[in-house]
Amino acid sequence: MSVSAEALPAAKDFKSDAKPVWCPGCGDYSVLTSLTRAFAQLALRPENVAVVSGIGCSSRLPAYTNCYGFHGVHGRALAVATGLKVARPDLTVVAAGGDGDGYSIGGNHFLHACRRNVDLTYVVMDNHVYGMTKGQASPTTEPDWDNALAPGGTGVRPFNPLVIALASGANFVARAFSGDVVGTADIIAKAIASPGFSFVEVLSPCITFRPEQRGWKESVRPSPVATTDDPARAARRIMTDDGFNIGVLYHGNRKPYQPPIGQKRKTLSEIEQGFAL
Amino acid sequence: MSRASRGGGRKPPAAPEVGTVEDLLSRAHAMEVEAAERYDEFAAQMELHSNLEVAALFRKLAGIERKHADSLASDLRARGLPVSAAAPLGTRGKEGLETDSGESLHYLMTPYHALDIALQNERRAVAFFTALVEGAGPAELRELAKEFAREETEHVELLIQWLARTPKPAKDWAYDPDEPRMPE
Numbered sequence: 008m009s010v011s012a013e014a015l016p017a018a019k020d021f022k023s024d025a026k027p028v029w030c031p032g033c034g035d036y037s038v039l040t041s042l043t044r045a046f047a048q049l050a051l052r053p054e055n056v057a058v059v060s061g062i063g064c065s066s067r068l069p070a071y072t073n074c075y076g077f078h079g080v081h082g083r084a085l086a087v088a089t090g091l092k093v094a095r096p097d098l099t100v101v102a103a104g105g106d107g108d109g110y111s112i113g114g115n116h117f118l119h120a121c122r123r124n125v126d127l128t129y130v131v132m133d134n135h136v137y138g139m140t141k142g143q144a145s146p147t148t149e150p151d152w153d154n155a156l157a158p159g160g161t162g163v164r165p166f167n168p169l170v171i172a173l174a175s176g177a178n179f180v181a182r183a184f185s186g187d188v189v190g191t192a193d194i195i196a197k198a199i200a201s202p203g204f205s206f207v208e209v210l211s212p213c214i215t216f217r218p219e220q221r222g223w224k225e226s227v228r229p230s231p232v233a234t235t236d237d238p239a240r241a242a243r244r245i246m247t248d249d250g251f252n253i254g255v256l257y258h259g260n261r262k263p264y265q266p267p268i269g270q271k272r273k274t275l276s277e278i279e280q281g282f283a284l
Numbered sequence: 168m169s170r171a172s173r174g175g176g177r178k179p180p181a182a183p184e185v186g187t188v189e190d191l192l193s194r195a196h197a198m199e200v201e202a203a204e205r206y207d208e209f210a211a212q213m214e215l216h217s218n219l220e221v222a223a224l225f226r227k228l229a230g231i232e233r234k235h236a237d238s239l240a241s242d243l244r245a246r247g248l249p250v251s252a253a254a255p256l257g258t259r260g261k262e263g264l265e266t267d268s269g270e271s272l273h274y275l276m277t278p279y280h281a282l283d284i285a286l287q288n289e290r291r292a293v294a295f296f297t298a299l300v301e302g303a304g305p306a307e308l309r310e311l312a313k314e315f316a317r318e319e320t321e322h323v324e325l326l327i328q329w330l331a332r333t334p335k336p337a338k339d340w341a342y343d344p345d346e347p348r349m350p351e
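For the protein sequence lines, the chains are A and B, in the order given.
Heads up: the first sequence begins at 8 in our numbering, then just goes up one per residue.
Heads up: the second sequence begins at 168 in our numbering, then just goes up one per residue.
Hints should not be assumed to be uniformly reliable.
Okay, the calculated beta carbon distance ranges per label pair [claimed, not checked]:
{"id": "1", "chain 1": "A", "residue 1": "Ala233", "chain 2": "B", "residue 2": "Arg246", "range": "42 to 50 Å"}
{"id": "2", "chain 1": "B", "residue 1": "Gly230", "chain 2": "A", "residue 2": "Leu49", "range": "28 to 36 Å"}
{"id": "3", "chain 1": "A", "residue 1": "Pro267", "chain 2": "B", "residue 2": "Asp343", "range": "53 to 61 Å"}
{"id": "4", "chain 1": "A", "residue 1": "Gly269", "chain 2": "B", "residue 2": "Lys227", "range": "55 to 63 Å"}
Per the computed footprint, the stretches of chain A lying under chain B, defined by three or more beta-carbons under 8 Å from a beta-carbon of chain B, are [said to hold, decoys possible]:
{"id": "5", "region": "131-142"}
{"id": "6", "region": "185-197"}
These are computed hints drawn from the structure, not numbers from a lab.
We put the beta carbon where it would ideally sit given N, CA and C, even for glycine.
Same shape as in the complex, but just chain B:
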């Protein structure tokens, strides 16, 4: 496994702790918002290190997550629910399912690495929603989880296709004969 592709190693949660449709919607919204913010942070890091191709890709991924968040916000409003600051969906004590911690990044990373990070994020979401569908929650909750699982599975498939079209990184992609020196 490449250095930048190791970030998706988090195990999916075994037993999702979501009790109601409202809870699921509002926490899914928080998850998408957090993911968008993190991708924007990654883009800013790449811009600073002049890796503009990967920066643009992270911005694009942030935009996609933001669209999902907007859509969920509309759903919440349609149900008369507040679009408030809920805890993002995920394992208790962790960041949201679609939020990478950032430690897989590298200033010389390629679009392939960035897409791989996105793929791992989406896969965690699929695993989570699938577990929710198979769980013992109310029927309405499991129905919505099923819809989310289908959507996330589509995202996974799209990313796999995207990765297939993207050149794989060279073996020595991280080699830099003169590593960065940080000015004080």
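Excised from the complex, chain A in its bound form:
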């Protein structure tokens, strides 16, 4: 869909003509709607936005937007997004994916993306399961989730992505719920507008392999406390909540990492001179 030079795009102008193939009832539909609403809210234009993903159900998201997209290698969305943002700081860069892609296969990239604090936004649609491959336990799966592929549960302590993000240096840490389309759009818009690395964990139910997650809508609630810029306080709050407090939980003021671009590159002989004895 083309967007005229004058009119600001509406949320639907950020959606492509490709129809999502997610299971009906999947929270990712709502996250797509929230993301496009956030873009419209920020008066962005599709040609100035890049959406980067890895592999998984939720990683199909770039194809469903009308922005530039990169559906990349499993777990490597943040590596690609970081390179893109550093090379093209004029673009709004959003990385998107799931809990398996982001916290397991891409776990190391997650830590270092937080640490580097490049000005991009990472939206993780967390459903506590590998949905694309039919329901294996993921890093955020509850240890006692009993299913055919992990009888009796894995017994393994789940990953706490918000605390990890905070400890690793993310400048903006939030939790959202896919069932609240408008609220999630607001949080994503704030994340994009915030300089530095912004991490938004969206609880996004997988109703096919985790039908009990339909109950999340009764469990989520707005965070009872205001956003803090004190990482220690934020960590304490996140570590002691039950995982259903929604809102911006930490917003710091670290300067984003952005190396200078456009500098003249050294020739090979100039580089060799540096090694001359």
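Take the given structure of chain A and dock chain B to it, following the hints.
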């Protein structure tokens, strides 16, 4: 309550924030447009998963909402008002009253579930307009809200009748021995 029927759990707004007739008309129009678009999205999801019966039903519901939207657009034009992009009627910070978030859907859902979603949507609208009638707004606004409440109540009654004619889903309607696998 069945898995697919839990989507209508949103509470109706306690105090509608609509101040004028113009506001009410244009936001009601936006509400109907948003509802029609969402039903079309649901239909597309069902078509993709070959649940054609429910897809056809969602298309029908989209068509009904679109007719309501067209009618409201005519009212707006008759009053010399723009048919612009207003915020849909609803609680601040939420989607429109007649817009389901979609998390009640399932690829094996039945027409009964789809109608139940529609019923919850219409019930929210009735509750909203009734609260507006009983509120402290201008008389003309409350009069129009009364008309809307009556219309939405009719929709609720129609849906209840429709549901009564529709077979209830089997207990194991969501059972699938081989759940979908998404191709990368």
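Hint by hint, where does the structure go against what was stated? Just the numbers, ascending.
none
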